[in-house]
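Engineer: What follows is each chain in one-letter form.
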Amino acid sequence: EAQVTQNPRYLITVTGKKLTVTCSQNMNHEYMSWYRQDPGLGLRQIYYSMNVEVTDKGDVPEGYKVSRKEKRNFPLILESPSPNQTSLYFCASSLLGRTGELFFGEGSRLTVL
Amino acid sequence: ELKVEQNPLFLSMQEGKNYTIYCNYSTTSDRLYWYRQDPGKSLESLFVLLSNGAVKQEGRLMASLDTKARLSTLHITAAVHDLSATYFCAVDIGNTGNQFYFGTGTSLTVIP
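Chain order of the listed sequences is A and B. In terms of my numbering, the first sequence opens at residue 1 and continues consecutively. In terms of my numbering, the second sequence opens at residue 1001 and continues consecutively.
Please keep in mind that the hints were generated in silico from the structure rather than gathered at the bench. Hints are supplied without guarantee of correctness; some may be wrong.
Unchecked claim - If the Cβ cut is set under 8 Å, some of the chain A residues that face chain B in the computed set are:
| id | residue |
| --- | --- |
| 1 | G40 |
| 2 | F90 |
| 3 | G97 |
Using N, Cα and C, we set each Cβ at its ideal position, and we do this for glycine too.
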């Protein structure tokens, strides 16, 4: 089954404790991206990747890191989480090019105390 | 600054009625996508519109794209409760694709 898998789905952590949200897709998609969803703000892009070892900032990259060492994986790293990073996070992937609709993971709800 | 605006933000409608959700965007693009999100769930793709004048229909939903007006519409015909969800439009402004910007979403509630 084609899917984008995120882990963990739910996480409560404390300020400053490093965490990683994993994302894996099995559709051989070149493009992967991370979004955060906050009430009234829609989805805002954090980082994206067009291919292995190629990553770039989205609209709200501050406080986040990513890596793309393998085509299928695109982890999101919060080196020192702060309460303003409490949000619902989505990983998404698509084919590269002008017809690429996004396929989303199930979401990861993060709370930073 | 690129803007993708959806109207209305909240919509409460009775079963059996028709309504239209609008998505306006502020820059040139001929690729627009509609997604549906159920409460507490992920987003799923509804429609992919890839040219001016494109029209797609699935069940009670029909989406269209007017690139000259920078406007997409999502029309709901004879609404049923199962259509209650949040609907997002997303514009791809990249010359080679994959530069997506999302609207803030329209929360639709269909009342029996």
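Engineer: Compare the structure with each hint and give your call.
Structural biologist: Evaluated hints:
For A:G40, the interface hint holds, the least distance from its beta-carbon to any beta-carbon of chain B being 7 Å, beneath 8 Å. Here the hint on A:F90 is kept, as its CB sits about 7 Å from the closest CB of chain B, short of 8 Å. Here the hint on A:G97 is kept, as its CB sits about 5 Å from the closest CB of chain B, short of 8 Å.
Hint compliance for this structure: every hint is met.
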